[in-house]
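Trainee: Sequence:
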Amino acid sequence: MIALKGNDISSIPLEEVAGKLKLVTEDHDLVIQGRRMGICFG
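Residue numbers 1 to 42, in full-length UniProt numbering, belong to the letters of the sequence shown in order.
Bear in mind the hints are in silico, worked out from the structure with no lab data behind them.
Each residue gets a CB set at the ideal place from its N, CA and C atoms; glycine is no exception.
A few of these clues could be false.
To be verified - List time: in silico EDC-like cross-link candidates among lysine to aspartate or glutamate, alpha-carbon distance up to 20 Å:
| id | residue 1 | residue 2 |
| --- | --- | --- |
| 1 | 5 | 16 |
| 2 | 5 | 27 |
| 3 | 5 | 29 |
| 4 | 5 | 15 |
| 5 | 22 | 8 |
As the list claims (entries may be wrong) - Distance windows between CB atoms, simulated:
| id | residue 1 | residue 2 | range |
| --- | --- | --- | --- |
| 6 | 4 | 38 | 18 to 24 Å |
| 7 | 8 | 37 | 16 to 22 Å |
| 8 | 13 | 36 | 14 to 20 Å |
Model the full structure from these sequences, guided by the hints.
Mentor: Written as structure tokens, this is what we have:
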């Protein structure tokens, strides 16, 4: 899995994140920018 930690992009083994949730709100800047670029979240 690819992750953004602060300003760094890193990879994390799926075994470390499977079954864990980290929710992001719809008004989060990264979600807004992603939608502007045409990225579909769902």
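Trainee: Look at each hint and say if it fits the structure.
Mentor: We went through each hint and held it up to the structure:
1. 5 <-> 16: holds (15 Å)
2. 5 <-> 27: holds (19 Å)
3. 5 <-> 29: holds (15 Å)
4. 5 <-> 15: Between residue 5 and residue 15 the Cα gap is close to 18 Å, so the pair holds against 20 Å.
5. 22 <-> 8: holds (18 Å)
6. 4 <-> 38: 18 to 24 Å: For residue 4 and residue 38 the Cβ distance comes to about 19 Å; the hint holds.
7. 8 <-> 37: 16 to 22 Å: Because 21 Å falls inside the window, the suggested range holds.
8. 13 <-> 36: 14 to 20 Å: violated (31 Å)
Hint 8 from the list above is the single one not met by this structure.
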